[in-house]
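First to last, the sequence lines map onto chains H and C.
Residue 319 is where the first sequence ends in the working numbering, and the numbering goes up by one at each step.
Residue 536 is where the second sequence ends in the working numbering, and the numbering goes up by one at each step.
Quick caveat, the hints were computed from the structure, so don't treat them as lab data.
Treat the hints with caution; some may be incorrect.
Only some residues are given here: those of chain H computed to face chain C with a beta carbon under 7 Å [claimed, not checked]:
(1) L195
(2) S196
(3) A202
(4) S204
(5) G206
(6) I213
(7) G214
Derived DSS-like pairs: lysine-lysine, alpha-carbon spacing no greater than 30 Å straight-line [to be verified]:
(8) C:K439 <-> H:K125
(9) C:K376 <-> H:K221
(10) C:K430 <-> C:K345
(11) C:K386 <-> H:K219
(12) C:K452 <-> H:K4
From the three backbone atoms N, C-alpha and C, an ideal C-beta is built for every residue, glycine too.
What follows is the residue order along each chain.
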Amino acid sequence: MKIKYIGIFLFLSLSIIAGLSLGSEFYFIPRLFSLSPVDKNILLNIRVPRVIAAFIIGAGLSETGAVLQAILRNPLAESYTLGISGGASLGIAITVILGKTSLIPYFAFLGALLSLSIILLASVKKYLSNPTVILLGVALNFIFSSIVLFIVAVAKNEQFHTTMLWLIGDISYFSYGILYGSTITISILSFILILSGRVYDAISIGDEKAISIGVNIEKEKRYALFVCCVITGLCVSLGGIIGFVGLVIPHITRALFGSVHKRALMINFITGGSFLILADTLARTIIRPLELPVGVITGFFGGLFFLSILLRGRYPEMW
Amino acid sequence: MLRVEGIYFAYNKNDVLKGISFEVKKGEFLGIIGPNGSGKTTLLKIIARVLNPYKGKILFEGEDIRKIPPIEYAKKVAYLPSQIIIPFSYTVEEFVSLGRLPYIGRYGEIKKTDREIIEKTLEQFEISHYRKKKIWELSDGERQRVFISQVIAQQSSVILLDEPTSHLDIGHSFKILDIIREINKSGTTVITVLHDLNLASEYCSRLLLLSQGNIFL
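Based on the sequences and whatever the hints tell you, model everything.
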């Protein structure tokens, strides 16, 4: 067990080093000692904020993924597959059109809340099975991204390219103004989720069982979903819709460290963050000096993972 | 100890329970029997506070159970649903430990007394040797023992069991009911829904026959 924890720490350190030193410019040890002012500027004002952004988005999405999987008892749930990220992107598109970019995080949250409410209402009214809820999320994602594209097309926004990137997921256009606030907020909210880990253990074994061991499930679920909406809204405000991080990371963490949520959520925060730093580093290194949106990388690996879950057919008994 | 007073419950306006009243004394081993759809499971769920009756109330030692905070009620009454589906791979020990949640709380750490209780329960159900095993790797009989041991680890004064022996062969059924009888003898009140009339008459100290939403016995 100890070795695994050291592994996590190494993984985090490696990804931070890779995130800082790789990209359109390479910075390795000898070069670090003879930095020109331009290099310093790149490192401190571009690379560092970007690594922080990638970490916090990855961490936030993994935490929400893990918690959503537990409280909806659905191993395929996460902000992306449920369409929550899509809702958040709609909220953002509206603020861009209104020209009120300072309101982005709030509208992203409202958009996230909108799609989550649709999903919850539908699943309560129709008793949807787990895969059906995911299909609903896919449908919502399609609808929201179409509306976003429509808004952009109608508004003749010159930043069409940027908005496209937002729908794929890209960590290069975030505004520095919201980075640090978001980082602190996501960290605090994730910490709150981690502390409540035991409650998510209880809810994950079924509502009836959770009630009988003294959990106020209605209150706990509402509270957790609200927190997930805030985190997703902030993550989407920073990096657009980055898919599958919240799906893949929690499952890998559970496979390695067990399913108890207090521990799993704590480790998720680090693995999710490290993973996205690496994915983002890869995205801006493989077709150097051009950059790929990170969503292309996470989408590719996440999609393969998703496929492997479905094809293994042991769903929901995965790990 | 537990008094059910004129409980009415309906699914989609069809009354399933029509004014059920009975009393359970401390230390009883009460079996609820009856045909399918007679409301046995519903009745158990209402006592477990999973469902709300639209009329009537349940008193625990004279107090309306709706007025008892969830955590406190969990220390008084534990419940085993007829089916538990677990989406994640908890180990046996982790799963049984969840039964201590009412005592540990959301933020607390598992204390020495909790560990001792978990340990004792695991031994009592002869599952301590595979405590680190994942629940999915177990057979039906073993799994059911794990589920019941979680309820026992909760150390409530009443336990509600819904078909604790379904999916089990006769050997395992006897084994599980033997342990439950032992727990009952040490002072825990047991209310169980049983399908098998032979087992019910063999183990229960009193039977309640439910049919068409009414009590017949």
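Checked hints:
Look at L195 (chain H): its Cβ gets to within about 6 Å of chain C, closer than 7 Å, so that hint holds up. A cut of 7 Å between beta carbons decides the hint on S196 (chain H): the least distance to chain C is about 6 Å, and the hint holds. Because the closest C-beta pair between A202 (chain H) and chain C is about 6 Å apart, less than 7 Å, the hint holds. Restraint check, S204 (chain H) versus chain C: the minimum CB separation of about 6 Å is within 7 Å; hint holds.
A cut of 7 Å between beta carbons decides the hint on G206 (chain H): the least distance to chain C is about 6 Å, and the hint holds. For I213 (chain H), the suggested interface contact is upheld, since its CB lies about 5 Å from the closest CB of chain C, less than 7 Å. Hint status for G214 (chain H) relative to chain C: holds, with the closest Cβ pair at about 3 Å, below 7 Å. Only pairs whose Cα atoms come within 30 Å are accepted, and K439 (chain C) paired with K125 (chain H) is rejected, the gap being roughly 43 Å.
Proximity of K376 (chain C) to K221 (chain H) is assessed by CA-CA distance (about 27 Å); at most 30 Å being required, the pair is judged to hold. Distance hint between K430 (chain C) and K345 (chain C) is fulfilled; the C-alpha atoms sit about 29 Å from each other, no more than 30 Å. Only pairs whose Cα atoms come within 30 Å are accepted, and K386 (chain C) paired with K219 (chain H) is accepted, the gap being roughly 17 Å. The suggested pairing of K452 (chain C) with K4 (chain H) holds, with an alpha-carbon distance near 19 Å, which does not exceed 30 Å.
Hint 8 from the earlier list is the only one contradicted by this structure; the remaining hints agree with it.
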